[in-house]
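S.K.: Note that the sequence shown ends on residue 270 in this note's numbering; no numbers are left out.
The hints are simulated quantities; they were obtained by calculation from the structure and are not laboratory data. C-beta atoms are modelled at their ideal positions from N, C-alpha and C, and glycine is treated no differently. Just so you know, nobody snuck in bad clues.
Between beta-carbon pairs, the in silico distance windows are:
#: 1; residue 1: Thr245; residue 2: Thr62; range: 32 to 40 Å
#: 2; residue 1: Ile267; residue 2: Leu90; range: 35 to 43 Å
#: 3; residue 1: Leu154; residue 2: Pro242; range: 17 to 25 Å
#: 4; residue 1: Ala211; residue 2: Asn50; range: 42 to 50 Å
#: 5; residue 1: Arg217; residue 2: Ser76; range: 27 to 35 Å
#: 6; residue 1: Ser213; residue 2: Arg111; range: 39 to 47 Å
#: 7; residue 1: Arg234; residue 2: Arg132; range: 38 to 46 Å
#: 8; residue 1: Thr52; residue 2: Leu90; range: 14 to 22 Å
#: 9; residue 1: Gly109; residue 2: Ala257; range: 31 to 39 Å
#: 10; residue 1: Arg259; residue 2: Gln128; range: 17 to 25 Å
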Amino acid sequence: MSLAVLLLIAGGQVAAPDAPPVVHEQRLDEVGRAGLSNRTGQAMTVQHRTLPGGSYAEVTALDSGRTIIVLVEHDPSLSPDTIALLSPSAATAIGLGDRTDLQIRIRPAAPSPAEQAAIRAGSEVPRLAAPPSLLAALRRRLPSAQPVALQPVAVPRPVLPKVAAPQAAAPKPAPRPNQPVTAIAQPAAAGRWLVQVAALSDPTRAATLAKTIDGVVRSAGRLYRVQAGPFTTRAAAETARAAIARRGFADARIIAQD
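Model the full structure from these sequences, guided by the hints.
M.R.: Okay, here's the thing in structure tokens:
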């Protein structure tokens with residue numbers, strides 16, 4: 013650490029970042045469709061409905077995995093089917109250009125002061141590209157098209173002939189058509205393979221680590237386990253563990269849950 017940074021800390025000019033919240037089985041990101049904003053110039057920005065203006069976000073293109081950090085502009089007026097609007101420069105930086113069918117993952121980020129200055133100056137600040145296994149998992153979280161509600165069709169009942177008065181026995185009514193049996197959708201089998209990265213006693217450190225691997229924190233007594241998954245096969249878990257190890261967590265291991 014340089015002498016200048018030490019002097020700034022001693023003088024109280026560097027504020028400690030807010031501790032991230034502890035995550036209990038909840039996602040820290042959002043996946044969906046993004047559009048292009050009408051911003052001009054070289055601004056590296058994203059308009060978002062809930063993220064605070066002036067903060068920073070990590071944006072990943074779900075087709076290529078390219079990832080950058082951008083400046084957030086708060087815009088509560090976005091339509092419900094759009095999670096964000098990227099500036100043209102930001103869309104170009106992650107390889108989306110002027111396309112209108114952008115599919116992205118967006119989540120809060122905490123870049124360094126030097127990176128913040130570069131972003132505000134319109135420079136590209138990239139991150140490591142997301143691996144194919146992570147992209148496949150993110151694409152499965154994309155919202156599907158809303159199903160069209162089918163109007164029920166009334167089945168006409170057969171008209172019974174009128175019975176003459178002298179006739180002793182009335183004809184038997186025609187049997188009603190059998191009601192169709194509705195198939196009950198079986199829930200998808202949950203995966204049993206997890207990648208455990210660490211078990212920490214500090215919930216704040218656990219939540220910060222979970223953000224870096226797109227994982228979750230599961231509390232177990234006084235420990236907070238940082239895990240990714242679950243995955244349906246051990247092969248998928250092995251692929252995820254290898255990607256996490258490349259990010260600097262070589263001690264990550266695969267565990268099977270009951």
